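> This is what each chain is made of:
2 protein chains.
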Amino acid sequence: MPAQPSHNPPAPGPDALRSDARENRERILRAAREAYAIQGIDVPISAIARRAGVGVATLYRRFPTRASLITEAFAEQLAECAGALDTALKDPDPWRGFCTVFRKVCAMQAADRGFTHAFLTRFPGESEYAEKRDRAADGLALLVRRAKEAGALRPDFDASDVVLALLANSGVVNGAGPEAAAASSRLVGYLLESFREAGAVRPLPPPAALELDRLHGPPG
Amino acid sequence: MPAQPSHNPPAPGPDALRSDARENRERILRAAREAYAIQGIDVPISAIARRAGVGVATLYRRFPTRASLITEAFAEQLAECAGALDTALKDPDPWRGFCTVFRKVCAMQAADRGFTHAFLTRFPGESEYAEKRDRAADGLALLVRRAKEAGALRPDFDASDVVLALLANSGVVNGAGPEAAAASSRLVGYLLESFREAGAVRPLPPPAALELDRLHGPPG
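In order, the protein sequences belong to chains A and B. Residue numbers are given in our numbering: position 204 of the first sequence equals residue 204, and the series is strictly consecutive. Residue numbers are given in our numbering: position 117 of the second sequence equals residue 1117, and the series is strictly consecutive.
If you are wondering where the hints come from, they were derived from the structure by calculation, not from laboratory data. Hints may contain errors.
[Stated by the list, open to error] Which chain A residues face chain B? A few, computed with CB under 10 Å, are given here:
(1) T58
(2) A152
(3) R154
(4) A165
(5) V172
(6) V173
(7) R196
[To be verified] With a straight-line Cα cutoff of 25 Å, these simulated SDA-like cross-link-like pairs (lysine to any residue) come out:
(8) B:K1148 / A:E197
(9) A:K104 / B:A1137
(10) B:K1104 / B:A1137
(11) A:K104 / A:P206
(12) A:K90 / A:D156
(13) A:K148 / A:D93
(14) A:K132 / A:E76
(15) B:K1148 / A:A159
(16) B:K1090 / B:E1131
(17) B:K1148 / B:A1107
(18) A:K148 / B:E1131
(19) B:K1104 / A:F157
(20) B:K1148 / A:R30
(21) B:K1148 / A:P206
(22) B:K1104 / A:N174
(23) A:K104 / B:N1174
(24) B:K1104 / B:E1023
(25) A:K104 / B:P1064
(26) B:K1104 / A:L192
(27) A:K104 / B:L1192
(28) B:K1104 / A:G189
(29) B:K1104 / B:P1206
(30) A:K90 / A:A159
(31) A:K148 / B:K1090
All values derive from a computational prediction rather than experimental measurement. Note that CB positions come from ideal geometry on N, CA and C, so glycine has one too.
This is chain A alone, in the form it adopts within the complex (with noise of 0.2 Å):
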């Protein structure tokens, strides 16, 4: 390590221990990330102490629940699906609003596999979390009823509709590989098609390279 610079105390300070403390915790949330991206939220405690770096105590010091690890490391994500809802409310056009948030969910989901799991996931306890994802609920619920009554999405589609689609987009994103993106925005082509009210069929996003052989290796 270099040698701090003079004007730090030669024993660590209150600022010292506050920097040491971010920089742990800082180092814990990306690893919860990472591990959650790859394995899910059902990842143990342990695996992401040890992936940062720390001990398991002082992990649990930082974030003394699993549900306090997993919502403040998916905080940003869902800000931005927040953000995506908001934008998608000003939109006049509602199914094009509705299209742009759906895909926008799917292809995060695509990206990270823990982030759809957390948010179909309820923590007690977790009031703040549990507000911001009522409030994009809300926004979906909004941006549903404002579709239909544009006569774009079919008068049949339900409020449990997305959370079908996101299941089957995580069945896709966890067994396509490395097609994975291109298998989800395939998908999300099709789901868009039959959420529509009839009209004129328009073109779908390529075929990913789906093969009977390819998805699975032999077992070993």
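Take the given structure of chain A and dock chain B to it, following the hints.
Showing chain B alone in chain A's frame:
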């Protein structure tokens, strides 16, 4: 155990041994199907042996490779798929034939999550299984071509979209808990809507009870 009928020899002869072997074999296959249905085909051989109440050595004597166990366990379902395809190919309405097969395979996937994984896996050396599987793939390709020629299936439908749909369905089946069957049937309804050449909108299966909060319990 009841006494053997008197025409059997007093000490276990070849027939009794063969019957023991057959019983073991059936027990192992049953245990394998149960384990695959719950955990998918990646479940360890030792867990299957334990579930069947036989030693790992006995299991390996009957099924020398994991692939031989997996392909034998799903032989019946593969035959069922092949039968559904044959029936569909005889249907004078190619679109109805396509829908019937698609619904059937997705329902089998909803009932047994190991099956599709097995169906999507290539097992080197299992030539009989591979042949049946190739025949099923050929039948499906023919069905797709006929449905397109009839102007019922959209022309940009790609063979890989069947795999895409199976992956999407697996995400729904694995994530929707007790709502798996209802959710899968709703997804299949949407996908068939989007695969169809533009026309009249048809009613969907009812929505599954999927709420943002009800999919996953809070982390422990």
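> Please go over all the hints and tell whether each is borne out by the structure.
Comparing the hints with the structure gives:
no. : hint              : verdict
1   : T58               : violated, 19 Å
2   : A152              : violated, 13 Å
3   : R154              : holds, 7 Å
4   : A165              : holds, 8 Å
5   : V172              : holds, 5 Å
6   : V173              : holds, 8 Å
7   : R196              : holds, 9 Å
8   : B:K1148 / A:E197  : holds, 22 Å
9   : A:K104 / B:A1137  : violated, 34 Å
10  : B:K1104 / B:A1137 : holds, 15 Å
11  : A:K104 / A:P206   : holds, 18 Å
12  : A:K90 / A:D156    : holds, 24 Å
13  : A:K148 / A:D93    : holds, 11 Å
14  : A:K132 / A:E76    : holds, 11 Å
15  : B:K1148 / A:A159  : violated, 32 Å
16  : B:K1090 / B:E1131 : holds, 21 Å
17  : B:K1148 / B:A1107 : holds, 23 Å
18  : A:K148 / B:E1131  : violated, 48 Å
19  : B:K1104 / A:F157  : holds, 24 Å
20  : B:K1148 / A:R30   : violated, 49 Å
21  : B:K1148 / A:P206  : holds, 18 Å
22  : B:K1104 / A:N174  : holds, 23 Å
23  : A:K104 / B:N1174  : holds, 23 Å
24  : B:K1104 / B:E1023 : violated, 31 Å
25  : A:K104 / B:P1064  : violated, 48 Å
26  : B:K1104 / A:L192  : holds, 24 Å
27  : A:K104 / B:L1192  : holds, 24 Å
28  : B:K1104 / A:G189  : holds, 24 Å
29  : B:K1104 / B:P1206 : holds, 18 Å
30  : A:K90 / A:A159    : holds, 20 Å
31  : A:K148 / B:K1090  : violated, 40 Å
Against the hints set out earlier in the document, violations occur for numbers 1, 2, 9, 15, 18, 20, 24, 25, 31.
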